Amino acid sequence: MRSPLEQLRVYIEREMGVSAVQITIRWFARLRERTGRSQETVSVEPGRTVEDLARAMEERYPGMRLLSGGIRVARNRRYSGFATKLEDGDEIAFFPPVGGG
Amino acid sequence: MKKRFAITEDPISLDEVSAMVADPAYGAVTIFQGIVRNRTGARAVDHLEYEAYPEMAEEVMAQVAQEVHDRWPEIGKVAIVHRIGKLGVGEVALVAAVSAPHREPTYEALQFVVNKVKESVPIWKKEVWEDGEAWIEGPEDRGRAVA
Chain Y
472 MRSPLEQLRV YIEREMGVSA VQITIRWFAR LRERTGRSQE TVSVEPGRTV EDLARAMEER
532 YPGMRLLSGG IRVARNRRYS GFATKLEDGD EIAFFPPVGG G
Chain L
4 MKKRFAITED PISLDEVSAM VADPAYGAVT IFQGIVRNRT GARAVDHLEY EAYPEMAEEV
64 MAQVAQEVHD RWPEIGKVAI VHRIGKLGVG EVALVAAVSA PHREPTYEAL QFVVNKVKES
124 VPIWKKEVWE DGEAWIEGPE DRGRAVA
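Those sequence lines, one after another, are chains Y and L. To convert, take the position in the first sequence, counting from 1, and add 471; that gives my numbering. To convert, take the position in the second sequence, counting from 1, and add 3; that gives my numbering.
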């Protein structure tokens, strides 16, 4: 039995003739509380950007805002912009303004 | 030797952080401790809950230290240790230390380190009061619950 994620990957590869891009998303602080998880893995079409991923997540979690409210994004542990293209194996973190100390 | 840029769930030892930046050539070690305060505005704080993106936080701490070395070449070593998890009033959340042959550049460099930690290291805190809680977001909240 394939997981829904695996089914999606197989679908993208079969229908589009391209390899799906696997992304690990990490959630922190109030976004972790909102999504109910600290990380998840998703498949996206090649050529997609962080912004595309953010929009998809806003749809998955209604009411959650990633493209406004000062949400920061990190790609592979470095601050990144929303226009950045996603690559297979990327770790994308979304988080609210930081406030340590 | 413990890591000089670290996220930890354990109480922070001031002596250990001081030792991380010590060197026979450095006559000055300046240290900042951020401590959980009992009030924020009119509300009594029961405790704070800190969360981090640990792998990235430690990398950003190292980048902050590199900026210090670029701006103040006299600075010898920098150490930054932040505790996460549930911290009660009076507990130490952050210890930052800088060392140099002489004291003059250490104060300004340490101020820079602490400001940068608050602005750019991926750490979040939730204030928990007797009757509620809230995430404290962004440097505009600087100094509310911690010195």
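For the record, the hints were derived by calculation from the structure and aren't laboratory data. These numbers were taken from a predicted model, which means no experiment stands behind them. Treat the hints with caution; some may be incorrect.
[What the hints assert, rightly or not] Sample of chain L residues with no beta-carbon within 10 Å of chain Y, all distances over it, derived:
id, residue
1, S21
2, P27
3, A28
4, G44
5, E54
6, H85
7, L113
8, Q114
9, S123
10, K129
11, D134
[Stated by the list, open to error] Label-pair distances were calculated between CB atoms; the ranges are:
id, chain 1, residue 1, chain 2, residue 2, range
12, Y, E486, L, I34, 52 to 62 Å
13, Y, E516, L, A45, 43 to 53 Å
14, Y, R549, L, G141, 56 to 66 Å
15, L, E107, Y, P533, 53 to 63 Å
Built from N, CA and C at the ideal position, the CB exists for glycine as well.
Is it true that Y/R549 and L/G141 lie within 56 to 66 Å of each other by Cβ? Given about 20 Å between the Cβ atoms, the range is violated.
Please verify that the nearest CB of chain Y lies beyond 10 Å from L/Q114's CB. holds (12 Å)
Could you tell me whether the CB distance from L/E107 to Y/P533 stays inside 53 to 63 Å? Roughly 55 Å apart at Cβ, these two residues keep to the hinted range, so it holds.
Go ahead and decide if the range 52 to 62 Å is satisfied by the Cβ distance of Y/E486 to L/I34. Hint holds: Cβ distance 59 Å, inside 52 to 62 Å.
Would the least Cβ to Cβ distance between L/E54 and chain Y come out above 10 Å? Violated, because the least Cβ-Cβ distance between L/E54 and chain Y comes to about 6 Å, which does not exceed 10 Å.
Least C-beta distance between L/P27 and chain Y, which was stated to exceed 10 Å: holds (31 Å)
No chain Y beta carbon within 10 Å of L/S21's: holds (19 Å)
So L/G44 supposedly isn't at the interface. Is its beta-carbon more than 10 Å from every beta-carbon in chain Y? holds (15 Å)
If we take the beta carbon of L/H85, is the closest beta carbon in chain Y still more than 10 Å away? The claim breaks: L/H85 does not keep its Cβ more than 10 Å from every Cβ of chain Y (closest is about 6 Å).
Does L/D134 really sit off the interface, with its C-beta more than 10 Å from all C-beta atoms of chain Y? Given a closest Cβ separation of 19 Å, the condition holds.
Outside-interface status for L/S123 - nearest CB in chain Y farther than 10 Å: violated (7 Å)
Beyond 10 Å on every Cβ pair: is that true for L/L113 relative to chain Y? holds (13 Å)
Hint compliance for this structure: hints 5, 6, 9, 10, 14 are broken, all remaining hints hold.
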